[in-house]
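Trainee: Those protein sequence lines, which keep their order, are chains A and B.
According to my numbering, the residues represented by the first sequence are 1 to 130, in order.
According to my numbering, the residues represented by the second sequence are 1001 to 1359, in order.
No wet-lab data here; the hints were simulated from the structure.
None of these values were measured; they are calculated from a predicted model.
Heads up, a few of these hints could be off.
Distance condition first, Cα-Cα at most 16 Å in a straight line; then the derived EDC-like pairs of lysine to aspartate or glutamate [unchecked claim]: (1) A/Lys35 with B/Glu1289; (2) A/Lys28 with B/Asp1160; (3) B/Lys1283 with A/Glu86.
Just some of the chain B residues that point at chain A, by a computed CB distance under 7 Å [what the hints assert, rightly or not]: (4) Tyr1059; (5) Gly1144; (6) Gly1150; (7) Arg1182; (8) Ala1184; (9) Val1186.
Cβ coordinates follow ideal geometry from the N, Cα and C atoms, glycine included.
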Amino acid sequence: MSVLGMTRTTMRNLFSRPSTRRYPTKVKEPHRTPKSRGRIQIDIEACIFCSACAKRCPTDAIIVSKPDKVWEIDRLRCCTCNACVEVCPKKCLDMDPRYTLPTVTKDKDIFKQAPKPLKSAEPAPTAPSG
Amino acid sequence: MGSRTVIPFGPQHPALPEPIHLDLVLEDEKVVEAIPKIGFVHRGFEKLVEKMDFNELVYVADRICGICAFIHSMAYCQAVEAVMNVEVPPRAVFLRTVWSELARLSSHLLWLGFMADVMGFESLFMQSFRLREKIVDMLEEMTGGRIILGVCRVGGVRRDVANDTLAGIAGRVKDLVRDMRRLADVFLQDDSVKHRLVDVGVLTREQAADLGCVGPVMRASGISRDTRTLGYAAYGFVDFSPVVETSGDSYARCAVRVRELFQSVGIIEQAASKIPAGEVSVKVSGYPEGEYHSRCEQPRGEVVHYVKGDGTRYLQRYRVRTPTFANIPALVKMLQGCELADVPVLVLTIDPCISCTER
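Start from the sequences, fold in the hints, and give me the full structure.
Mentor: Right, here's the structure in full:
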């Protein structure tokens, strides 16, 4: 027989620190752990364009072009399963714990490797990536 | 006899997290018949297996449903492992058990929150979700995912958890018991909750058996059956017994789920203390050839995954019998003769997961 069972919890909540924040003046830092699967990031200079990640990707979100030295990812297709990170032989893929931000366009993220400078020639200017 | 009216309930309704449609035939305020219609979120999952590698299909099995995601992938992996005669390392099966039970805690707290919401008990709803948030944070720390864990693979699990972390998680879950106890007291003893649940939608033991109910709906009617007692994963190494209530009403179904919270905490503690050292995954070579029925206990009841392989990388057939599908006949039975105001409560008591049901 109880009608005030919740009252104790309510009173405790009333006098304890609030568990929510006054959004948007106080924005909570997302709960991230080292294992959190947010989004895939690549160190494009270390990539050897072996396509192992593209073959393993269950959603076909990754496209690799060895002749053009280009690595593309469609973030809207990617299900952040971490399979590409596990299979990468050069360990140039990494899981960033930050999530992909909302977007209004369906653009792919394209990474292009800068041409390697020839030993005898002048060093080539680095091309912008991203 | 009053005139009959048909009222559509769903597929969009504030009480429903997912789309199911019921045509309610009413006499005044009393429901005389309920006609269910499903098929609003059908995704053709069983056709997909024809063009998806059996290893990659784990990611899809994980996404059959958002609330019992891990147990679906575990059941699928168990089926494929049985077909291929793969011996899963003991550490992996213990980790699977811990994650299943955390997923069960998360699902039951979610259900209790929805139930409180449907009863109009907003503060209890908030309190349930506040607790659930801590559980999903723990899942994220261990696996990297909050809801869709994505850690199961054929041959083991994809992420190991250090013993210290596991012991810490078990301790933190145990610390939540005090909060759960407070929550349980309100659900089981508060008059306003009892007023909405006691003697509403009674399902007798015979009806539950005849209609083939599963999970908490069946156990609330006095049938002591829990698929976990088969001893799959590491359930054979932990000590527990099915939670059974006998009254068969909505209150009993609520009580089963509340008591299962504490049961899950106990299983997590035992599994964390008994976990052996070693590998968490073995390499799997070859393709599945043969068939197997894998049975697991989801938060909603028994799920059956049927896998048939023909020696190629694509499965020949994959079928999932989900617990909600088995409980819909019981729901239709319960709705007959109830008041219109009790319909949302009754629909919620079977814990409907329509995404599972329609795949």
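Trainee: Evaluate each hint against the coordinates.
Mentor: Going down the list of hints, with the structure as the test:
1. For the suggested pair A/Lys35 and B/Glu1289, the alpha carbons sit about 35 Å apart, so the restraint of at most 16 Å is broken.
2. A C-alpha spacing of about 29 Å is found between A/Lys28 and B/Asp1160, which places the hinted pair above 16 Å, so the restraint is violated.
3. For the suggested pair B/Lys1283 and A/Glu86, the alpha carbons sit about 14 Å apart, so the restraint of at most 16 Å is met.
4. Interface restraint check for B/Tyr1059: the shortest CB-CB distance to chain A comes to about 5 Å, inside 7 Å, so the restraint holds.
5. Because the beta carbon of B/Gly1144 sits about 4 Å from the nearest beta carbon in chain A, less than 7 Å, this interface hint is met.
6. The beta carbon of B/Gly1150 is positioned within 7 Å of a beta carbon in chain A (closest approach about 5 Å), and the interface hint is therefore held.
7. Taking 7 Å as the C-beta cut-off, the interface hint given for B/Arg1182 holds, the closest approach to chain A being about 6 Å.
8. Interface hint at B/Ala1184: violated, since its Cβ lies 10 Å from the closest Cβ of chain A, which is beyond the 7 Å cut-off.
9. With its C-beta approaching chain A no nearer than about 4 Å, B/Val1186 sits inside the 7 Å limit, and its interface hint holds.
Hints 1, 2 and 8, counting from the list given before, are not met by this structure.
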